[in-house]
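Enquirer: What follows is the residue order along each chain.
Protein chains: 2
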Amino acid sequence: MNADAGPGHFPEDSVGLVQARRVAVETSLALDCGRSLPRFDLMVETYGELNAQASNAVLVCHALSGDHHAAGYHLQSDRKPGWWDNCIGPGKPIDTRRFFVVSLNNLGGCRGSSGPNSFNPETGRLWGPDFPLLTVRDWVRSQAMLADALGIRQWAVIMGGSLGGMQVMQWAIDLPERVRHACVIAAAPKLSAQNIAFNEIARQAILSDPDFHGGRFYEHQTIPSRGLKLARMLGHITYLSDAAMRSRFGSELKLAAPSFNFDVEFEVESYLRHQGQSFVDRFDANTYLLMTKALDYFDPARDYGDSLPDAFRRASARFLVLAFSSDWRFSPARSREIVRALVDAGRDVSYALIDSQLGHDDFLMPIPEYHRVLHSFLDRVANDIETTRGAQ
Amino acid sequence: MNADAGPGHFPEDSVGLVQARRVAVETSLALDCGRSLPRFDLMVETYGELNAQASNAVLVCHALSGDHHAAGYHLQSDRKPGWWDNCIGPGKPIDTRRFFVVSLNNLGGCRGSSGPNSFNPETGRLWGPDFPLLTVRDWVRSQAMLADALGIRQWAVIMGGSLGGMQVMQWAIDLPERVRHACVIAAAPKLSAQNIAFNEIARQAILSDPDFHGGRFYEHQTIPSRGLKLARMLGHITYLSDAAMRSRFGSELKLAAPSFNFDVEFEVESYLRHQGQSFVDRFDANTYLLMTKALDYFDPARDYGDSLPDAFRRASARFLVLAFSSDWRFSPARSREIVRALVDAGRDVSYALIDSQLGHDDFLMPIPEYHRVLHSFLDRVANDIETTRGAQ
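Chains A and B supply the protein sequences, listed in that same order. Counting from 0, one number per residue, gives the positions in the first sequence under numbering that gives the first Met the number 0. Counting from 0, one number per residue, gives the positions in the second sequence under numbering that gives the first Met the number 0.
Careful, some of the hints might be misleading.
Stated by the list, open to error - Computed cross-link-like contacts, SDA-like style, restricted to lysine to any residue with a CA-CA straight-line distance of at most 20 Å: (1) 253(A) / 33(B); (2) 253(B) / 202(A); (3) 253(A) / 32(B); (4) 253(A) / 202(B); (5) 253(A) / 260(B); (6) 253(A) / 121(B).
Hints listed in this document are in silico derivations from the structure and should not be mistaken for laboratory results.
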């Protein structure tokens, strides 16, 4: 018996102990690459209760390195909750007293969903590099099959930041009748050449690591830790603003004088090395490659003659688009491109620019103004659910 | 006999065929790291003629990956001239009819000056990682010894971009009596945490390459090409603005549809891989590490109680500080820090912000407004030389 095992040790506005579950989808999924998966698993967490009309469901889409564990704790002893815990829970913006929240590990992920580090049922061996590369459209298809399995015909709202926001846009365009509200946070309508350049260097770091073995590193009992570490360090540069790095780490030497070797001499070096190493311990290199490619390929306008307004004319959701002033990975200018296209398409859209300091990572932070905007938006979603229920 | 070997095949405003020479400094050089070099060589090119008073000498300091070959051609068959050829020559901003221009490969470089890929006279073997790490102050000391060897007591002007501009500042502070004018282009008074972060990832890419062998890769008949390639690719992201990348490469797929593999699919990938590979063929990994460390250590205010104005109070040169609007590696805000400190120190300084598109690399480009500002500044330098000569 563990004295800490009883309830009541979590904050009152926490969803508390949660358990992930594996949803097996036994239907074939045709992918953009031309291949198909005969079946697949998705790891899922849910918070709150689905109402009788199944009209209060919220889908949370994760970003590059996220997973299904968005809120609460897996163990009483967990020191850290899920990645968006500050936003999901009783009384929080995504209020679990009102909403049924669904969070999944995307297909191709490495936290239990079918992906490169899962077993290929046809061979009985790990997929590795043979797992197909995916697009955001593929994710939308797989998430729609998950919605079917959960009995959710239409999402009250789909929301996500960064790559998560791209999934929101793709949902609203591809399956408009299944998305009532769409919340696109810190995203872009497609990557810039500079965004692609960062991804390409991260991929080259992994692909050129001698321990990568063409992606079959599992069979060699090794992992391409050098390459994955570099890729993550590089990512972190784009997640933080120059000013945030300055205020968090400064650029003063840790010692009074240089050491004249390659040991850690500046705080930011120590931070990056730590971030890189801890990522190696928890993430899969093939999944990282797959995620960066999904980002590079994202371009919903491509199917509509390169016209983003034409793409959005398919959508019927009410949109909220959020950007952060200090974000230089997907700057406010990129969010305004989304808003402009939605306006041109005659769609219902609100836009908020949140004054922020940290950079792209601010979409994960409990910035009061940000959470007020989400609260207000989700209040309207909740009212819409009530109105619809009343009308039935 | 080569039919192309005759003169007259170069543009009229070119310095034409030039030859590098090795200047041997047979004096011991005490370094900031506490070690010293009993002697050293510097590879040098000069353009134009030193006047009788030795008062028309211009020192050009190179940036991270530059060398002594700043102008003209080594061979009739050379397709590319030196790295700052658009700025140096008869009638060009640094007019070789008026000035005697000195350009060197810095100590620790890899193009013939004493450095990691040169021989350690004490062991008869390549220095490799045993070559001492250097600071910008060390470079100033070594360049002062070169000036002595060339009979130059005072430089009419010292100029350089990026890391070159840092050498200019350090010269003006450390040896004020030897610098009459100082031209600091696209530089910063010290690196930001983000700048250091980029350098750190580049270093980690090299240091973690299994072919690096602790810097003794020469002895293993190999080079850490993967790491050096990644380092250079990463550098290129910081040399170009987001907008320049967009206009040069776009972010459209090269093919109509994704290939769903890791081949080149976007123009920017092709560009980066090419830049990375060609760098591997011409640059030394130990020198790259040394150069990035010299950047990180640069902080002339450190010796003056972290007060940059106090540092500049030592200087007596007349300054020109130049920044480029599209430069995000060392943004105009960083140049304004330099200008503000010079003003606070009561020094003579002009500042020009050049409207530009390309990014940091613009300091190498023949932008008309940029060259007009340099022309005008160097006209004043030439007049100053004439006045001084007349007064003697």
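Enquirer: Run every hint past the structure and note whether it holds.
Expert: Evaluated hints:
Only pairs whose Cα atoms come within 20 Å are accepted, and residue 253(A) paired with residue 33(B) is accepted, the gap being roughly 19 Å. Between residue 253(B) and residue 202(A) the alpha-carbon distance is near 18 Å, which keeps this suggested pair within the 20 Å criterion. Distance check on the hinted pair: residue 253(A) and residue 32(B) sit about 16 Å apart at the alpha-carbon level, within 20 Å; holds. For the given pair, residue 253(A) sits about 18 Å from residue 202(B) by alpha-carbon distance, which is consistent with the 20 Å threshold.
Taken as a hint, the residue 253(A) and residue 260(B) pair is broken in the structure, with Cα atoms around 43 Å apart against an allowance of 20 Å. For a cut-off of 20 Å, the pair hint linking residue 253(A) to residue 121(B) is broken: about 34 Å separates their Cα positions.
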